[in-house]
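S.K.: Each chain, written out:
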Amino acid sequence: MNTLISDNFKVILLLVASLFLFSCTEKEYVYEIAPQDILPVNSEKDKDKTKIQYISILYTNLFRQAMSPNDMLDALKAIESVGDKQIAFDILVSKYMNTGEVVVPSNEEMRTNPEKFVRDLYKRFFVRQPTAAELTWMKNYIQSRPDALPEHFYFAFATSNEHFHY
Amino acid sequence: MDRRKFIKKSALVTGGVIGMPYILPSGLLNAQTTPPMTEHVVFVLFAGGVRQQESVLQRYLAGSQNEDIEGNIMYNLLDGQPPEDKIAYGRDDTQNNIIGAHPIDSILQNSLESQGTLFPEVRFARGGAGHFNGLSTGVSGNYYVTQGLRNRPESPTIFEYLRRHAGFKATDCWFVGVGIGGSRPLLNFSDHPDYGRRYGGNFLAPLTTFGEPGQKHFMDFKNYHPESDWETIREIRTFLNNNFAADGLEIPHLYNSVDEENKIREFIRYMFEKVKQDQVILPPVNDNRDLKTIGYAVEVLKYFKPKLLVVDLTDIDVCHSDFTAYLKNLHRADHGVGFLWREIQRIPEMQDNTIMLVMPEHGRDMDPNPIQDLNDWYAYDHSAGNENTRRIFSLMVGAGIDTGLRIGSSENPVGDASDITPTIADIFGIKNQVKSAGLLDPNARSLFDRI
Numbered sequence: 001m002n003t004l005i006s007d008n009f010k011v012i013l014l015l016v017a018s019l020f021l022f023s024c025t026e027k028e029y030v031y032e033i034a035p036q037d038i039l040p041v042n043s044e045k046d047k048d049k050t051k052i053q054y055i056s057i058l059y060t061n062l063f064r065q066a067m068s069p070n071d072m073l074d075a076l077k078a079i080e081s082v083g084d085k086q087i088a089f090d091i092l093v094s095k096y097m098n099t100g101e102v103v104v105p106s107n108e109e110m111r112t113n114p115e116k117f118v119r120d121l122y123k124r125f126f127v128r129q130p131t132a133a134e135l136t137w138m139k140n141y142i143q144s145r146p147d148a149l150p151e152h153f154y155f156a157f158a159t160s161n162e163h164f165h166y
Numbered sequence: 001m002d003r004r005k006f007i008k009k010s011a012l013v014t015g016g017v018i019g020m021p022y023i024l025p026s027g028l029l030n031a032q033t034t035p036p037m038t039e040h041v042v043f044v045l046f047a048g049g050v051r052q053q054e055s056v057l058q059r060y061l062a063g064s065q066n067e068d069i070e071g072n073i074m075y076n077l078l079d080g081q082p083p084e085d086k087i088a089y090g091r092d093d094t095q096n097n098i099i100g101a102h103p104i105d106s107i108l109q110n111s112l113e114s115q116g117t118l119f120p121e122v123r124f125a126r127g128g129a130g131h132f133n134g135l136s137t138g139v140s141g142n143y144y145v146t147q148g149l150r151n152r153p154e155s156p157t158i159f160e161y162l163r164r165h166a167g168f169k170a171t172d173c174w175f176v177g178v179g180i181g182g183s184r185p186l187l188n189f190s191d192h193p194d195y196g197r198r199y200g201g202n203f204l205a206p207l208t209t210f211g212e213p214g215q216k217h218f219m220d221f222k223n224y225h226p227e228s229d230w231e232t233i234r235e236i237r238t239f240l241n242n243n244f245a246a247d248g249l250e251i252p253h254l255y256n257s258v259d260e261e262n263k264i265r266e267f268i269r270y271m272f273e274k275v276k277q278d279q280v281i282l283p284p285v286n287d288n289r290d291l292k293t294i295g296y297a298v299e300v301l302k303y304f305k306p307k308l309l310v311v312d313l314t315d316i317d318v319c320h321s322d323f324t325a326y327l328k329n330l331h332r333a334d335h336g337v338g339f340l341w342r343e344i345q346r347i348p349e350m351q352d353n354t355i356m357l358v359m360p361e362h363g364r365d366m367d368p369n370p371i372q373d374l375n376d377w378y379a380y381d382h383s384a385g386n387e388n389t390r391r392i393f394s395l396m397v398g399a400g401i402d403t404g405l406r407i408g409s410s411e412n413p414v415g416d417a418s419d420i421t422p423t424i425a426d427i428f429g430i431k432n433q434v435k436s437a438g439l440l441d442p443n444a445r446s447l448f449d450r451i
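So the protein lines, in turn, are chains A and B. If you're matching positions, the first sequence starts at 1 in my numbering and goes up one per residue. If you're matching positions, the second sequence starts at 1 in my numbering and goes up one per residue.
No wet-lab data here; the hints were simulated from the structure. Given the structure is predicted, the values throughout are model-derived calculations rather than measurements. Treat each hint with caution, since some may be false.
List of simulated lysine-lysine pairs, BS3-like, C-alpha gap at most 27 Å [what the hints assert, rightly or not]: (1) B/K292 <-> B/K276; (2) A/K123 <-> B/K222; (3) B/K435 <-> A/K77; (4) A/K77 <-> B/K86; (5) B/K292 <-> A/K77.
Only some residues are given here: those of chain A computed to face chain B with a beta carbon under 10 Å [to be verified]: (6) K47; (7) K85; (8) M97; (9) L149.
For glycine and all other residues, C-beta sits at the position ideal for the given N, C-alpha and C.
Extracted from the complex, chain B is given alone in its bound form:
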């Protein structure tokens, strides 16, 4: 074979190898992916139902209580000066008995808006503005206009797309939930027959796992030796399970590998030790469930360095009955997100290698309900059919994201609540596979395609 022929053949073979689909560790044939934009994504479901008026519009009491006081109480996320009067969103002044009198110091020197790209006017386009629909849309890129609570999403979640099409391990994907109420423990995988539990992400509700229920039933669990005790237990169990080999009749596990199972168990043991020693990483102010959950989410990030972590918040939802508490929790959610971003930058493997996305799951009503709080401020629900509930925002920041960019406005909304799933798929190079599955909302697009 002459040199020219050799080079030609070599090039063809090499080209063929590069172009050929390959078998993923999960055993699935993978269509070609594009290189990921970054190694890690953290998605904050800034949840509970946030009004545009108190968030991106920065109207403080002007947009809700007929008081002419505007200002930004989310200064880790957004640019803008805080309110100067009727401060009720900070820490309580216990000496003088003034609720929320002391605003929490900003954690970030520069707002996330200035470090990233903000879509200030995004639409929650379909279905009622309920928490299940909102959270499910966030993680699956599809709306659920008829589905009730306590159901899994019908369309695959981003965890399933990533595990199936990008070959991610189960411990690469985490949903850290603020609790186990509603459908939260059901958001880590869908009921879709082509995806489902085999491709699910790991779920943890740390305030329960490491709170009273877990302390009673998990803490100080026996430390079996991984290579003697566990090996014996697994051998016997494998024999028993092989003798019970009916399709799908198994304990609903998530196909964590043996090593991953061991690692999760050790993480739980490690966290209980931290709980006992009061050493769990927490934001400087951590007086609500959202902030504690964010602290645990940071612990998951540090321990597993997952490719995708979704964390959801909920305390803002107190707005149904207490507007002052809503403002306080909105301010704290901002504090938590600022803390989360700062801590991500302190994890060497994730520093400068992570994109964070923030999006409320839906908005809240334009008009109040009749409930008044201690300040005589009116509360707000999130009712079906109220157009104000369809107004939300999206923010992305991190490696490769344009800085200081605003896309869209009140007059020109850009973006949809279903965009986050294709955006994450885009970041990890599987956008085309996810689109090809045909299970996203028709309006769902990667935010990168909307810039």
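Just chain A, same shape as in the assembly:
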């Protein structure tokens, strides 16, 4: 009797043990993700444009036509003659804005469809789309500043640090 119980117990024990051993056959996967730095959308622009590149691209962005080589050379000389390049670029853009030939949307166009205006600006000057945060800030700025003109935006984009880099 005792032997029978003992044998039964052994069988049960074996069954239980085999349950533990063979019932969970599904493999456990461990997914390892390499740490990623989240960079701004413009982070790949880490090289200065040469002054001639900057002038050329600036002119094309403002006038939607190419600059003549002679004009480009003179513009470069003018830029070289002033030590603070932010001031030099500001004056250059101010001069171009005074020609009346810069292709800028009207104030009405900007205020009717600010999102399109902002997206076009980023595309034209930064060759990318704005982030959601940038788009929101710009739209809010346009809505909250009735005196802000498309020309102000064009000026700021043209003389911003991102526009000077690629």
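Go by the hints and put chain B onto chain A.
M.R.: What follows is chain B alone, placed relative to chain A:
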């Protein structure tokens, strides 16, 4: 607290406040400075390569063309009688077609030598006698024996020392260059990692800014309202720049404040109006680039009253191919410096409150090259290794400078081309900080310490 204790404590506190380093407007902790000797310094890089023979030695044609005619053609700077024969350095006699026949009248009643201290025999001690090495040594107090053209100096310039250690604003420091060729637009700050653009001086090459290139691309630039238009532009730009906040990735500006930026823009607008009306202040004779540049330098002085203005000249360098033109331009450089000193005395804030320093950037060869000019006079280069190129002079004049003093001689040279930077640092009370930086040539000393 009794009276004695109170006085003792007060004295300790006061002493502590005076002795403590303080935070400069630039945000840097400043070691103590000594009081400045004067408020303004103007440094003329009497550049282009000047031979001692035609300048301080006053040998005119005797030291170069084997003609026994001596004399002083720099009588605003130096004491001495002008040549009496073969006059070719003045204005042209167009009626009789004689080049340089009419010497230019002296502007100053008393020479700068008699009003100040002259070091007649200074050494350009190291490296080749090239314009870059010379100009860079002048503004940085160090030589550049291996560095090529179109590079910034490796050691800090005097502008950076002054902005970093004396807390000067960007518009306190100006380099007015005769052009944009060579390395001139690169001399307003160095590549040194501890200094550099953040402490750079403003640079202007007025003949370009207000000449044809500037007239095409700058003149009549739009006059945005500073408080409405500019404020809006700056707000938008600040947002854009904050979203592009990578280290050092910015338009290479000089950390002029907003007010300084506005002032520089208005200066440029103001000067264009003067150009249009032909009202730019110019020396009485202004028939070369050097003299026009000096005129614009005077305009910068009048407008900004900077603490330091460096102006460089270059027309003397025509000596490579035309000795007569060299003499004419040397005579004109002297005319320009005399005019500059006179105009400084006409600026109330700078009158009797300015020290002017004059030094060529290097000398020229002892022996001529084969090129002859219209007078059959031989031209001179400035060649590496020629000892005559190492001979230059230094002159200082103005508030607190000993008058009529000559230090050194041909037999006993005193002074080094690298001295000007520590001298200016000395004038503005930061000599020890500049020396402590350890970036000057080992021979560089303040000229005041050589007297």
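S.K.: Is the interface hint satisfied for A/L149? The criterion is a beta-carbon contact with chain B at less than 10 Å.
M.R.: Holds: closest Cβ of chain B sits about 8 Å from A/L149, inside 10 Å.
S.K.: If you draw a straight line from the CA of A/K77 to the CA of B/K86, is it 27 Å or shorter?
M.R.: violated (40 Å)
S.K.: Using Cβ atoms only, decide whether A/K85 comes closer than 10 Å to chain B, and label the hint accordingly.
M.R.: Since chain B brings a Cβ to about 5 Å from A/K85, closer than 10 Å, the hint holds.
S.K.: For the pair supplied as a hint, B/K292 and A/K77, is the alpha-carbon distance within the 27 Å limit?
M.R.: holds (18 Å)
S.K.: Taking only the CA atoms, is the gap from B/K435 to A/K77 under or equal to 27 Å?
M.R.: violated (36 Å)
S.K.: Within a Cα-Cα threshold of 27 Å, do A/K123 and B/K222 meet the stated pairing?
M.R.: Roughly 26 Å separates the two Cα atoms, so the pair holds.
S.K.: CA of B/K292 to CA of B/K276, is that 27 Å or under?
M.R.: With a Cα-Cα distance of about 15 Å, the restraint between B/K292 and B/K276 holds, given a limit of 27 Å.
S.K.: Given a cut of 10 Å on the nearest C-beta pair, is the interface hint for A/M97 held or broken against chain B?
M.R.: holds (5 Å)
S.K.: Answer holds if the nearest beta-carbon of chain B is closer than 10 Å to that of A/K47; otherwise answer violated.
M.R.: holds (9 Å)
The earlier numbered hints that this structure contradicts are 3 and 4.
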